[in-house]
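2 protein chains.
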Amino acid sequence: MPKPVRISLDAMGGDHGPSVVVPGAALALERHPDLRFLMFGDETVVAPLLNAHPRLKEVTELRHTDISIAMDEKPSQAIRMGRGKSSMWRAVQAVRDGEADAMVSAGNTGALMATAKVCLKTMAHIERPAIACMWPTTRGESIVLDVGATIGADAGHLVDMAIMGAAMARIVFDLERPTVGLLNVGTEEIKGIEAVKEAGRLLKESNLPHLNYHGFVEGDDLGKGTVDVVVTEGFTGNIALKTAEGTAKQIAQYLRSAMSRTLMAKIGYLFAKQAFNALRDKMDPRKVNGGVFLGLEGVVVKSHGGTDDLGFASAIDVAYDMAHFELMNTIRAMLEHDPVGQTV
Amino acid sequence: MPKPVRISLDAMGGDHGPSVVVPGAALALERHPDLRFLMFGDETVVAPLLNAHPRLKEVTELRHTDISIAMDEKPSQAIRMGRGKSSMWRAVQAVRDGEADAMVSAGNTGALMATAKVCLKTMAHIERPAIACMWPTTRGESIVLDVGATIGADAGHLVDMAIMGAAMARIVFDLERPTVGLLNVGTEEIKGIEAVKEAGRLLKESNLPHLNYHGFVEGDDLGKGTVDVVVTEGFTGNIALKTAEGTAKQIAQYLRSAMSRTLMAKIGYLFAKQAFNALRDKMDPRKVNGGVFLGLEGVVVKSHGGTDDLGFASAIDVAYDMAHFELMNTIRAMLEHDPVGQTV
Chain A
1 MPKPVRISLD AMGGDHGPSV VVPGAALALE RHPDLRFLMF GDETVVAPLL
51 NAHPRLKEVT ELRHTDISIA MDEKPSQAIR MGRGKSSMWR AVQAVRDGEA
101 DAMVSAGNTG ALMATAKVCL KTMAHIERPA IACMWPTTRG ESIVLDVGAT
151 IGADAGHLVD MAIMGAAMAR IVFDLERPTV GLLNVGTEEI KGIEAVKEAG
201 RLLKESNLPH LNYHGFVEGD DLGKGTVDVV VTEGFTGNIA LKTAEGTAKQ
251 IAQYLRSAMS RTLMAKIGYL FAKQAFNALR DKMDPRKVNG GVFLGLEGVV
301 VKSHGGTDDL GFASAIDVAY DMAHFELMNT IRAMLEHDPV GQTV
Chain B
1 MPKPVRISLD AMGGDHGPSV VVPGAALALE RHPDLRFLMF GDETVVAPLL
51 NAHPRLKEVT ELRHTDISIA MDEKPSQAIR MGRGKSSMWR AVQAVRDGEA
101 DAMVSAGNTG ALMATAKVCL KTMAHIERPA IACMWPTTRG ESIVLDVGAT
151 IGADAGHLVD MAIMGAAMAR IVFDLERPTV GLLNVGTEEI KGIEAVKEAG
201 RLLKESNLPH LNYHGFVEGD DLGKGTVDVV VTEGFTGNIA LKTAEGTAKQ
251 IAQYLRSAMS RTLMAKIGYL FAKQAFNALR DKMDPRKVNG GVFLGLEGVV
301 VKSHGGTDDL GFASAIDVAY DMAHFELMNT IRAMLEHDPV GQTV
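Same order as they appear, the protein sequences are chains A and B. The numbers in UniProt numbering rise by one with no breaks, and the one at position 147 of the first sequence is 147. The numbers in UniProt numbering rise by one with no breaks, and the one at position 271 of the second sequence is 271.
Just so you know, the hints here were simulated from the structure itself, not pulled from any lab data. No incorrect hints appear here.
For lysine-lysine, the following BS3-like pairs were computed, each having C-alpha atoms within a straight-line distance of at most 30 Å: (1) 224/B <-> 224/A; (2) 249/A <-> 197/B; (3) 224/B <-> 273/A; (4) 273/B <-> 224/A; (5) 282/A <-> 224/B; (6) 273/B <-> 249/A; (7) 266/A <-> 282/B; (8) 249/B <-> 266/B; (9) 287/A <-> 273/A; (10) 249/A <-> 249/B; (11) 282/B <-> 249/A.
Make a model of the complete structure from these sequences and hints.
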């Protein structure tokens, strides 16, 4: 029998807390029967929800916590009041203590990152963690990081991110040598921010064995899927991500309004309903929910705070993949082979 | 009779040069019969094209230039070899010398900005120019700047951009007090880059008469049209713009493929053809072509290098509006009333 994949869950995180976390976990369990859960949260709320999902209840250990971190809690406050006690902290701690292989929370990003940094610590040689997300492209999916862990990055941080992103791409896309691009305002070598240019030089010169450095990419290369991994600092990455999400919503709204304006369009919509459903499915942001914190001594996955059970299940899927395919060991191995980031 | 609007054109700029510039000008003239053109370029190429457009030829003065700036020319090189001689320089110079009210070029952005800075100079109290573009939103259009003039910005630059963007919004949208937002990674005041936070404080405290400061906005507010003017530094702005363009293309491709996969979808497409055409029209990037250089002593509009005559005509429309509604005087007046940028 294969080893089960153990996921710890912050049951109180997110806009909807356990009412999304519990059914989300039940959905993920249907897809991955080898999942085992460790849930942290208010047992008076969580236990009754678990009773409604007997299959899930069987594979879940629920541990009571009194404190939950609010969605607008400042990171420092989340640490102060949550240390050792909040559902968020305890779920992260389960990873640190080896009780879980990965942790998922829909709690607020700043608080979760601070908790993860204090509780898990960053990996040796990695100065700052990053958040990586899956980005849908016309040729499949790419990995984009950092989408909001830290603002600003020097060349060394960018190289670290390139290596960690490539490690993630290696296991997610099953590629020996994923292509990596640095996000910039032009593809010529003379353009852009000094740190990006310097990182480009380092990646080019070092010619790493597990990473195929492509060069600079631009904003429109994200949707094209020009490279497997796109690296940028967190401010730009976060704005690019939200701009793309906003544009997708905007076009969906244009489309809805165009299809309901005339009788002919409405008839056309009825005929093409299945095609529209497939399109909606393809553009469903819940399917790519789950930002992976990279650079920590353990796997932490951040779900969108406002998602529903389907979206939360996707975030668990991501955690499952990272744990199952041993993200941590892959990153460690690649950092050992690729010491370029440490020389900066 | 109203005063004609005089536009100078770099006939050699862009991927297609005069073969796009001349028919583009002819199209714009149909919409604005009060246009007068001053074209700079190789007369052996431009003159025959003009002959094919007798209406345009009547209102155009063609001046011969020997030198054109290549699309991959470095800015410094463009100045060195172009000063006083290139079609790009001469067209900018026509604005400086009062022969034209605005200038349009599809030439390369770096070279055009360098030429404009050296030839026109920046406005008093403005340290650095910015490029503003029209951004289609679900409630109409917004102005976004800087989409690529300079990398990085301190609080003072951001405040300058807020004022200049508001001046442009005032004339384009005919608003007394346009709303302005600063692009950031969160809407809370504690988040983001120091310069953005500082600019936010300055704009809030100064409570300017011609600008309604909204606060921080995020990437997804761009498509929503949350504010009339979105301000950010050029690196992030350029990446956001290209990310949105890329996402729009990506979804258009999804849609095309969904509508051609099954017979039912194809039938639906035929019924809804008009709706799809309206949608395509709405998403047509050529319609929002034309980046306005703000902060210079004259109006310069940059067209996409790869656009066609329809797109180039849009860029001329933008230049027309800026000249007709006196962008320069509006900015000057607002800078005088809003001296906050100068106090930083």
